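2 protein chains.
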Amino acid sequence: MANTLTTAPSGLILASASPRRSELLQRMGLSFTICPSGVDEDDSGSKGPEILVMNNAQLKAMDVAQQHPDAMVLGADTTVVLGNTIFSKPQDLVEAASMLTALSGRWHRVLTAVALFWPEGEFYESFICCSSVQFKPLNSQLIAAYFQRVNPLDKAGAYGIQAGRDLIIESVKGSIENVMGLPVQVLREQFASNGFDFDA
Amino acid sequence: MANTLTTAPSGLILASASPRRSELLQRMGLSFTICPSGVDEDDSGSKGPEILVMNNAQLKAMDVAQQHPDAMVLGADTTVVLGNTIFSKPQDLVEAASMLTALSGRWHRVLTAVALFWPEGEFYESFICCSSVQFKPLNSQLIAAYFQRVNPLDKAGAYGIQAGRDLIIESVKGSIENVMGLPVQVLREQFASNGFDFDA
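Residue numbers (my numbering), protein chains in the order written: chain D, 1 to 200; chain X, 1001 to 1200.
If we strip away everything but chain D, and leave its shape as in the complex, we get (with noise of 0.2 Å):
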């Protein structure tokens, strides 16, 4: 979706201070800073899940790139699906341990939505990849200890994959570096099919 207005973005920025997204970025041994972004999180999810994800990483894309318009920047958000319902970061512990009580032995789904936005290069572009999560069984002796080694009042779902995953996770379907924040396979291929290079 490039055009010819100028032949490559001037860098990559990191619209989120997620420090698991910037390591994913980090191990795909790109170059990029981080700027994150001031939006407010849309977690009303009235539209659906997936209206919800693209919506706010869009969001975080732009607030970023209209500081920076040549530049590429990525937005992304993360959240948990279980059934119909959208579990979005808990306001408390109270609220994180119901979430991991309900999804304790049921599997559920990861999106995580990625917008990619050059303003100077008019490339906007945004999809979402999905995972399947499945919970051991817990009970709240198991939650407490999660909770001990693990801060989930910064995590969709009240959880993460990247600590402590022995206690919590049975098994993992799709992208594992898509449910902890960045599908690392897609971004790849998306950046490749368009030339763009952002290697360190």
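Honestly, the hints are just simulated from the structure, not real lab data.
Mixed in with the good hints there might be a few duds.
[Claimed, not checked] Here are the computed distance ranges between Cβ atoms for each label pair:
hint : chain 1 : residue 1 : chain 2 : residue 2 : range
1    : X       : E1189     : D       : R188      : 15 to 25 Å
2    : X       : P1019     : D       : R165      : 48 to 58 Å
3    : D       : D166      : X       : N1084     : 50 to 60 Å
4    : X       : T1085     : D       : A145      : 25 to 35 Å
5    : X       : Q1067     : D       : S22       : 37 to 47 Å
6    : X       : V1094     : D       : D92       : 49 to 59 Å
7    : D       : V94       : X       : P1019     : 53 to 63 Å
8    : D       : D40       : X       : D1199     : 41 to 51 Å
9    : D       : S193      : X       : T1085     : 27 to 37 Å
10   : X       : S1010     : D       : R106      : 48 to 58 Å
11   : X       : R1149     : D       : D154      : 41 to 51 Å
12   : X       : A1017     : D       : D166      : 46 to 56 Å
13   : D       : A144      : X       : D1197     : 30 to 40 Å
14   : D       : A200      : X       : D1199     : 37 to 47 Å
[As the list claims (entries may be wrong)] Here are the simulated EDC-like cross-link-like pairs (lysine to aspartate or glutamate), alpha carbons at most 16 Å apart as the crow flies:
hint : chain 1 : residue 1 : chain 2 : residue 2
15   : X       : K1136     : X       : D1166
16   : D       : K47       : X       : D1166
17   : D       : K136      : D       : E170
18   : D       : K136      : X       : E1041
All values derive from a computational prediction rather than experimental measurement.
All C-beta atoms in this analysis are idealised placements derived from N, C-alpha and C, irrespective of residue type, glycine included.
Once you have looked at the hints, place chain X on chain D.
Then chain X, alone, in the frame of chain D:
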């Protein structure tokens, strides 16, 4: 972004009542059905034109995709942008004339967002294509003559490029089909790169 849940969409659905989009898909040689979405378009534009068109395309696609999760649903939205001003569909002929007066003799951008949603394949993608259009200098006689030939009320920016073009358009940069409402070439590439075949 497709995964292995199902191998191919059952068909292509155009989530739009626009006869121009339908004509463009037909010209592409695609087999599709039309199922207009019932969602109210957002035309506030407070987050900028790119967010506006992407949101609208996604809301239309999701509205129809929820009823047809086995199919690939195409939602689209087109808007006209002059500087920082978004021109949606005019409310009446007075507003239509004032839009054309504002566009007279100047370049403006036309953004079309496309959302491709196939829920059973967990495929959710959207992108924007931009074209630029230069208007001839217009006066009220020319505008009145144009409105004799073209109904401006169902068109963003109060004009269409497919009829009466000689009266108002000086030149176009980028895809003319995108100005009509669908970036045909990019859409073809999207389908091909993902292995989707909707040929009639």
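### Message
Does X/D1166 sit within 16 Å of X/K1136, going by the straight-line distance between their CA atoms?
### Response
9 Å, holds
- Pairwise beta carbon distance, D/D166 to X/N1084, judged against the given window 50 to 60 Å: Given about 52 Å between the Cβ atoms, the range holds.
*Within a Cα-Cα threshold of 16 Å, do D/K47 and X/D1166 meet the stated pairing?*
42 Å, violated
Please work out if D/K136 and X/E1041 have their alpha carbons no farther apart than 16 Å. Violated, at about 43 Å.
Legend entry - Pairwise hint evaluation, D/E170 against D/K136, where the allowed Cα distance is 16 Å at most: 5 Å, holds
Quick check on a hinted range of 53 to 63 Å for D/V94 and X/P1019, using CB atoms only. Holds, since D/V94 and X/P1019 (Cβ atoms, about 54 Å apart) stay within the stated range.
Does the Cβ pair D/A200, X/D1199 satisfy 37 to 47 Å? Cβ of D/A200 to Cβ of X/D1199: about 42 Å, so the range 37 to 47 Å holds.
Practice task
Check the following: the C-beta atoms of X/V1094 and D/D92 are separated by a distance inside 49 to 59 Å.
Solution key: 54 Å, holds
How does the Cβ-Cβ distance of X/S1010 and D/R106 compare with 48 to 58 Å: does it lie in that range? At roughly 28 Å between Cβ atoms, D/R106 and X/S1010 fall outside 48 to 58 Å, so the hint is violated.
Legend entry - Cβ distance range 48 to 58 Å for X/P1019 and D/R165, holds or violated: 53 Å, holds
Between X/R1149 and D/D154, is the Cβ distance one that fits in 41 to 51 Å? Between X/R1149 and D/D154, where Cβ atoms are some 58 Å apart, the hint is violated.
ask   = Between X/A1017 and D/D166, does the beta-carbon spacing fit 46 to 56 Å?
value = The hinted range 46 to 56 Å holds for X/A1017 and D/D166, with Cβ atoms some 53 Å apart.
Going through the hint list in order, the structure does not satisfy hints 4, 10, 11, 13, 16, 18.
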